[in-house]
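Those protein sequences? They're chains G and S, same order as listed.
Each residue of the first sequence is one higher than the last, beginning at 1 in my numbering.
Each residue of the second sequence is one higher than the last, beginning at 1001 in my numbering.
The hints are simulated quantities; they were obtained by calculation from the structure and are not laboratory data.
Any given hint could turn out to be false.
[Claimed, not checked] Per the computed footprint, the stretches of chain G lying under chain S, defined by three or more beta-carbons under 8 Å from a beta-carbon of chain S, are: (1) 47–55; (2) 112–118; (3) 249–260.
[What the hints assert, rightly or not] Covered, in the sense of this in silico footprint (three residues per stretch, anywhere, with C-beta under 8 Å from a C-beta of chain G), are these stretches of chain S: (4) 1043–1054; (5) 1117–1129.
[To be verified] Computed, partial: chain G to chain S, Cβ under 7 Å: (6) M1; (7) R2; (8) A9; (9) I10; (10) H18; (11) L22; (12) H38; (13) I42; (14) A98; (15) V176.
Ideal Cβ positions, reconstructed from N, Cα and C, are used throughout, including at glycine.
2 protein chains.
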Amino acid sequence: MREDELVSAIDALVRGSHSRVLVGIGDDAAVWQPSRSHRSVITTDMLVEGVHFSRAWMSIRDIGWRAMAANLSDVAAMAARPVLATVALGMMEDTPPADVLELYAGMQACADAYGLAIAGGDLSRAPALTLALTVVGEVRATDCTLRSGARPGDVIAVTGALGASRAGLAALRGEVTLEPALAAEAIEAHARPFPRVREGRLLGASRNVHAMMDCSDGLSTDLARLCARSGVGARIENVPVAASALAAARKLGQEADLFALAGGEDFELLVTVQARAFAHVAARVRAQTGRTLHRVGVVQADEALVMVKQGVTHPLTPSGWDHFA
Amino acid sequence: MREDELVSAIDALVRGSHSRVLVGIGDDAAVWQPSRSHRSVITTDMLVEGVHFSRAWMSIRDIGWRAMAANLSDVAAMAARPVLATVALGMMEDTPPADVLELYAGMQACADAYGLAIAGGDLSRAPALTLALTVVGEVRATDCTLRSGARPGDVIAVTGALGASRAGLAALRGEVTLEPALAAEAIEAHARPFPRVREGRLLGASRNVHAMMDCSDGLSTDLARLCARSGVGARIENVPVAASALAAARKLGQEADLFALAGGEDFELLVTVQARAFAHVAARVRAQTGRTLHRVGVVQADEALVMVKQGVTHPLTPSGWDHFA
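Assemble the whole structure, with the sequences as input and the hints as a guide.
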């Protein structure tokens, strides 16, 4: 059973509802309504040593930062601003308390950078260092932007070039050697990513942005999910590739755009934008955040995912990360 | 380093704040303010197979129920009503998807009983079946009742007799054999506990209830925590012991009140109540929920914890559960 299939089976099982829960399983975060004009969002992630991270190639402080950043990216994808986090932490018998405090220091550094508070948690014994983070954010009812709103004709765009995180992981693992400046870019992207919270709020506030999600499992996988939720297809015409990913792909003998497409954990936002407003939205994002909104392709009514490469149209297979494949 | 010491070190480290986070680490749940009149609460727990539960003596469905119930008990202790839960679940390579669905079925059954929705989650690989649950609730600003409000002279009370869960665990493990009716009571208390959500809301709505927490680590440990947060001490005069706990303690050759005092996971609420209002509050709880509020003792200005037994005063040591001792 693949991850998406098991998630669907779980989704079918937990069909319980609450009048104030507006969005349940299946988007970047769940949404509920504490009062009429307010929306709160919540997202949770589990990270296990040896599965999601290794102290062999990352400091424990960076592991903490990254865990927090991954959750903030989901909050960003709902156009929300983060308010608080809770941390459930499983430590081994022989985990030094100093390591736990380092992990917290990393999470707190990221929380400080984004102005949220770590407000609660739970400590437990576990057979591997295990971190379950939950982040809550708040968003105006009209700004909250889901995966399901993409419309045929929309421009598909991402908030940054892709593949740097994958290049960084390859560099940290010693699978590829990059020149110092590119190595630094790539390792920074992997170890201390900056989720696009400001960009998400700005994009969510625009009525021309129809759908949004974060691009944490690779563009090909995540775009397929967005299209499935929206009942549409997509044509990818251009994959913005980070300089470090370009160099890493070349050294590894891989095609750069496929390397970037399949590389997860870039934590950029993936949006679909009303075509005639795209230039305007991109200009606003650049003016207010300094970031470029990269045009990737276009939403199609036909539910297929295709990629146009040197004039030839190829079917696109989700080649991102599946924890259970 | 003991659990409470590590929690204190973490607490000192995560001193980041957010203007809308009103209560952080240290109470049953964190509290924030989505809008002026509303308070949201959030609590999280990690449960690991082999540490917190075993499939050897409990069905996986009951494990799911119990995990949800434990979090709802924390929400109850804030006088809040639960709205939603998120579930981060770590499964082993060889965990059958059917087991994951059973675990969800148990959580969902408990969620149904209390009217909340499972609204999101994360699936991951892990070296042991691991469950990190987070529950969010909502409460009126004036009802939210913390651990820190106990005042000298308050009556200390619990919402039910104690020790049944511990007796149930002993019965499930085969450490003690109880007569069928008592065994059923004890096993039900352990495997399918009913957190006191209605009682918590009722108690929180009374201005005569000064402090509240749930009694999940054993009365002696939890009362010590409540007293520490309130800067007071306590004198225990009477420990209400469940019939099954009485029988189990007798068979195990232990004193029944000590067995009940140290037995965690009863998920009753522990409150301190203005002395002259106690009878009135207890009558309202009985009228509206059918439950008895058991008088346990009295809050003292002197910061010691003592227990009066057959006329003799003994110092009370926290003998509840410490994950790290």
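Verification of the hints:
With 5 residues carrying a beta carbon less than 8 Å from a beta carbon of chain S, the stretch 47–55 of chain G meets the three-residue requirement, and the given coverage holds. With 5 residues having a Cβ less than 8 Å from any Cβ of chain S, the stretch 112–118 of chain G passes the three-residue criterion, so the hint holds. With 0 residues carrying a beta carbon less than 8 Å from a beta carbon of chain S, the stretch 249–260 of chain G misses the three-residue requirement, and the given coverage is violated. Coverage of the stretch 1043–1054 of chain S by chain G holds. Counting CB-CB distances below 8 Å, 9 residues qualify, and the rule asks for three or more.
With 12 residues carrying a beta carbon less than 8 Å from a beta carbon of chain G, the stretch 1117–1129 of chain S meets the three-residue requirement, and the given coverage holds. Annotation: M1/G was flagged as interfacial toward chain S, and the flag holds, the nearest CB pair being 5 Å apart, inside 7 Å. The closest approach between the C-beta of R2/G and any C-beta of chain S is roughly 10 Å, which is over the 7 Å cut-off, so the hint fails. Taking 7 Å as the C-beta contact cut-off toward chain S, the hint placing A9/G at the interface holds, the least distance being around 6 Å.
The beta carbon of I10/G is positioned within 7 Å of a beta carbon in chain S (closest approach about 5 Å), and the interface hint is therefore held. Hint status for H18/G relative to chain S: holds, with the closest Cβ pair at about 4 Å, below 7 Å. Because the closest C-beta pair between L22/G and chain S is about 9 Å apart, greater than 7 Å, the hint is violated. With a cut of 7 Å, the hint placing H38/G at the interface with chain S holds, because the nearest CB-to-CB distance is about 5 Å.
Checking I42/G against chain S by beta carbon gives a least distance of about 6 Å; that is within 7 Å, so the hint holds. Because the beta carbon of A98/G sits about 10 Å from the nearest beta carbon in chain S, more than 7 Å, this interface hint is broken. Hint status for V176/G relative to chain S: violated, with the closest Cβ pair at about 25 Å, above 7 Å.
Hint check: violations occur at hints 3, 7, 11, 14, 15; the rest are consistent with the structure.
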